[in-house]
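**Student:** What follows is each chain in one-letter form.
There are 2 protein chains.
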Amino acid sequence: MNGKQVWVTEEPLSPGEIISRVTRRDAGAINTFIGTVREFTKGKKTLYLHYEAYPAMAEKKLQQIADEIEKQWPGTTTVMAHRTGRLDITDIAVVIAVSTPHRDASYAASRYAIERIKEIVPIWKKEHWEDGEEWIGNQKETKPGVPTKEESR
Amino acid sequence: MNGKQVWVTEEPLSPGEIISRVTRRDAGAINTFIGTVREFTKGKKTLYLHYEAYPAMAEKKLQQIADEIEKQWPGTTTVMAHRTGRLDITDIAVVIAVSTPHRDASYAASRYAIERIKEIVPIWKKEHWEDGEEWIGNQKETKPGVPTKEESR
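If you read the sequences in order, they're chains S and A.
Counting along the first sequence from 1, when you hit position 25 you're at 25 in the working numbering, and nothing is skipped either side.
Counting along the second sequence from 1, when you hit position 136 you're at 136 in the working numbering, and nothing is skipped either side.
Extracted from the complex, chain S is given alone in its bound form (with noise of 0.2 Å):
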C-alpha cells in the first residue's frame, strides 16, 4: 500500500486493494468503475492494447480530478489507478473507487470520475487488431485534431 491517492503503473491493479483505500467509518456506500479490455468491438477482433501516457501529467490530471469531486461531493474518498504498457483481454486498464456517506453521491462521483478521465487525462490507446493496429486517442481535451470516441472503453 504505497498511500497514493491517484496513480499510473505498469502492473496490474487490485480492485480489492484499491477498495480498501476507501473504505472509512464514516461512509455507508462505495463505487467502483473498471473499465477491463474487451475481446470485440462492432465485430472486430482485439488482440491486446497498448496504453501510454506521460506519467506525470496524467497522474497530475487525476489529482485535478479527485479535487474536483471533492468540491462536488464534499465528503467523498477517491481513489483512481490507470494500468499502462500491454494489456490483453480481460486486464484492468482503470479503477475508480470512492467512498460516500450514502449512495447516490457515490454512484454520481463515480461516474463524473470516468467522464473526465475520458475527457482530460493524457493516456493513449493502441489496439491491435486480428488485422492491424490503430492509435486511438483516450480523451477529448488533449487531442485535438483527432475525433472524439463516443463509444465508452
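Mixed in with the good hints there might be a few duds.
If several chains are the same, the list does not tell them apart, and a pair holds so long as it fits within one copy or across any two.
[Unchecked claim] Keeping only pairs whose Cα atoms sit at most 27 Å apart, straight-line, the calculated DSS-like set for lysine-lysine is: (1) 4 - 45; (2) 71 - 126; (3) 42 - 71; (4) 44 - 71; (5) 42 - 4; (6) 4 - 71; (7) 60 - 45; (8) 44 - 4; (9) 42 - 126; (10) 125 - 71; (11) 45 - 125; (12) 44 - 60; (13) 126 - 60; (14) 44 - 125.
Note that these hints are calculated values from the structure, not bench results.
Following the hints, position chain A against chain S.
**Tutor:** Relative to the frame of chain S, chain A by itself:
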C-alpha cells in the same frame, strides 16, 4: 469460489473475489456497489449492526433481481452477495458487481440492483446504538406497516 450468482452468508465478503466472477472477455465495464457499516447516522453513533435473513427467500429474491437485470440489460453478468449476522463499523454488508460491454449499462444495472434489494429482499437490520437498539426493515414490500426508510444505507 462457489460458482453461485447470488448468496447470503455469515462470512466476510470479498469484493475482489466477487469482481473476478463478473470479469469476462466480452465486457469492457464493471461497476460495483458496496454497502458498509457507517458509524454515525444523523449524529447518532452505531456500535455495530446485526443483519437477519430468511436465507432461502432472500437468495430467491436476489436471483429474481439478477433475472430482471438480464431482461432489462441483455448481456449483463450480475453477482450479488449479502452478509448476515453481526457486522462492525466498516464491515461490508452487501456487494453488487455487474459487467457489461459498455459503461452506461454497468452504472444503470448496478443502481437498479441496490434499489431492488432494498425493495424486495427480506433482510432485516438491527441497529445497536450507543443508547439502545432498534430493528430496521431493510426493504419496502416485505414489511407493510413499517415506514420506509428514505435514507440510503
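**Student:** Determine for every hint whether it applies to the structure shown.
**Tutor:** The hints, checked one at a time:
1. For the identical chains of this complex, residue 4 and residue 45 are neighbours neither inside a copy (35 Å) nor across copies (30 Å), given an alpha-carbon limit of 27 Å.
2. With identical chains, the CA atoms of residue 71 and residue 126 are never at most 27 Å apart, being 34 Å at best within one copy and 34 Å at best between copies.
3. Only between protomers do residue 42 and residue 71 lie at most 27 Å apart by alpha-carbon distance; the minimum there is 22 Å, versus 38 Å within a single protomer.
4. For a Cα distance limit of 27 Å, the shortest separation of residue 44 from residue 71 across copies, 26 Å, qualifies, whereas the shortest one inside one copy, 41 Å, does not.
5. Taking the shortest Cα distances, residue 42 and residue 4 never come within 27 Å of each other, neither inside one copy (37 Å) nor across copies (31 Å).
6. Taking the shortest alpha-carbon separations for residue 4 and residue 71, only the intra-copy value of 19 Å comes in at or below 27 Å, while the best inter-copy value is 40 Å.
7. Taking identical chains as interchangeable, the C-alpha atoms of residue 60 and residue 45 are never at most 27 Å apart, the minima being 33 Å within one chain and 38 Å between chains.
8. When the C-alpha separation of residue 44 and residue 4 is checked against a cutoff of 27 Å, the pair qualifies neither within a copy, at 37 Å, nor between copies, at 32 Å.
9. Proximity of residue 42 and residue 126 under a CA criterion of 27 Å is satisfied intra-copy only: 17 Å inside one chain copy versus 49 Å between copies.
10. In this homomeric assembly, residue 125 and residue 71 never come within 27 Å of each other (Cα to Cα): the closest approach is 30 Å inside a single copy and 33 Å across copies.
11. In this assembly of identical chains, residue 45 and residue 125 lie within 27 Å of each other by CA distance solely inside one copy; the values are 15 Å within and 47 Å between copies.
12. Within a single copy, residue 44 and residue 60 get their C-alpha atoms no closer than 34 Å, and across copies no closer than 38 Å, so neither meets the 27 Å cut-off.
13. Taking the shortest alpha-carbon separations for residue 126 and residue 60, only the intra-copy value of 22 Å comes in at or below 27 Å, while the best inter-copy value is 44 Å.
14. With identical chains, the CA atoms of residue 44 and residue 125 are at most 27 Å apart within one copy only, with a shortest distance of 16 Å there and 48 Å across copies.
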